[in-house]
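Reconstruct the complex from the two isolated chains, following the hints.
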Amino acid sequence: MELVQASLDSPARYVDWGWLSISVPNLIVILLMILIFVLAILLPFPKDRDKK
Amino acid sequence: MSKLPPDKLLPDRQPSYVASWIYVFGVLTIAAFFVILASGLVLAFAGPAWYHTSSTGHYVNSLHYWSVQLFFVFMVIHLWGKFWMAAWRGRRSLTWMTGVVAFVASIGTAFTGYLVQTNFDSQWISFEAKDGLNAVGIGAFFNVTNLGQMLLLHACLLPLVVGVITVWHVLLVRRRGVVPPIDAIAMDSVPPTDEGANDSANARDLKS
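In order, the protein sequence lines correspond to chains L and B.
Each residue of the first sequence is one higher than the one before, counting from 1 in my numbering.
Each residue of the second sequence is one higher than the one before, counting from 1 in my numbering.
Next comes chain B alone, as it looks inside the complex (with noise of 0.2 angstroms):
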């Protein structure tokens, strides 16, 4: 709590660059991602057999479907925007690195979200990724064709390992605050502390 008193975890200032829509897409990442959850709780306790043959299931199952396609679009976008800033700077090494895992992890619970769509195109992709998974040694404990052990891994693990790291991602960059473009001389509303990084010393380090 010490390093992370109530008006640093949720400041009403920001830098004046952080007017831009570049640093929109994190938090629309995050708004996708509250929809997917709950879309996706639905589904989970209203069972195939509702969103497989009612319109209003059909309508749950295709808002939980299209709003991944948005969830990886806005963070793709966040990723690049974040690439090119080089978001790592300022001790931010952590906040890019649980970024990363969050990608990866997301990709998995989407790539298992496919599996468990009964449908010819889940038959498809689970029988082509078997021997991809097979030829690395891993298809005897991923078996990506045992739509069982694919419903649960999409449903209950991986949404909370994608759910933590989000959290852990967030409060991370509520610490150190959020980076600042490559070229900004200072931070000119939240100044520099210990915990966070020296932004201005970076920048003028990265100039010259």
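Chain L extracted, bound-state conformation (with noise of 0.2 angstroms):
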């Protein structure tokens, strides 16, 4: 618990690409809603069972 509390008493680390700089977490949650938004468009939508 302790070493939770001091982690998250720490800055976020931040990646630099050029003019770009952003933190780890802020750069996963936007990967993450990326990889959401790409399966969203391209998974198959569960069929009606009802219908023939």
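Since the hints were made in silico from the structure, they are not lab data.
We treat Cβ as the ideally placed atom computed from N, Cα and C, and that holds for glycine.
Check before you lean on any hint, since a few could be wrong.
[What the hints assert, rightly or not] Covered stretches of chain B, as calculated for chain L (at least 3 residues, CB under 8 angstroms): (1) 11–21; (2) 101–107.
[Claimed, not checked] In silico negatives: residues of chain B with every beta carbon more than 12 angstroms from chain L: (3) Ala49; (4) Tyr59; (5) Gln69; (6) Ala135; (7) Val173.
The structure is reproduced here in structure tokens:
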């Protein structure tokens, strides 16, 4: 528990690509959202069981 | 009522293109909004002396916080989906604009929520924000370092604004119908009406 608290108290790590500087947590959330968006378009939607 | 009869308000059939996961994110956003409202009501009635000290209070506080994170994730994916299918087509500009205003109002609500956490995070955010707001000349009216003002805006005014605009947004979706994909030829189960859009014609216009 102390380890978790210590990690939450410290500032997030940042990644820098030229002009772009973004924290790792923000980057993970954005990448996850893009992944969910792509999956929402590609994955088939369950078919209606009542429909023949 | 004549513009929104019961079968249009609560339809039991939808066009086939709605059977896609990308059409789910609007209602997921509303579901998250309900969790936010319910947990927020509990927090408001029980007060900070409860939610800052008891384990159940911490849980409800966390539920409120994480449902906001999901609310924004769902809403932004909903926004991406609607942007790329040009959801303002077919007389749906007001539906699009109410969505935009709901998004902006939600950002304000979340922002004031961050300010009333009463921790170092909120102190840091408010002191960073006050310089920006002073620079644009609204710091005197919207004082982010005034905890009472921010708490009342967060708990009373802004959720009401988001709620009313969301209801308006959903009613407009029901009235105009769900926007078809750009290459959809026809709305196969909902015929176009005077009130709704002639989406097939619109789709053809965009393709040509």
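Going through the hints against the structure:
no. : hint    : result
1   : 11–21   : holds (count 3)
2   : 101–107 : violated (count 0)
3   : Ala49   : holds (22 angstroms)
4   : Tyr59   : holds (16 angstroms)
5   : Gln69   : violated (8 angstroms)
6   : Ala135  : holds (22 angstroms)
7   : Val173  : holds (18 angstroms)
When each numbered hint is compared with the structure, violations occur for hints 2 and 5.
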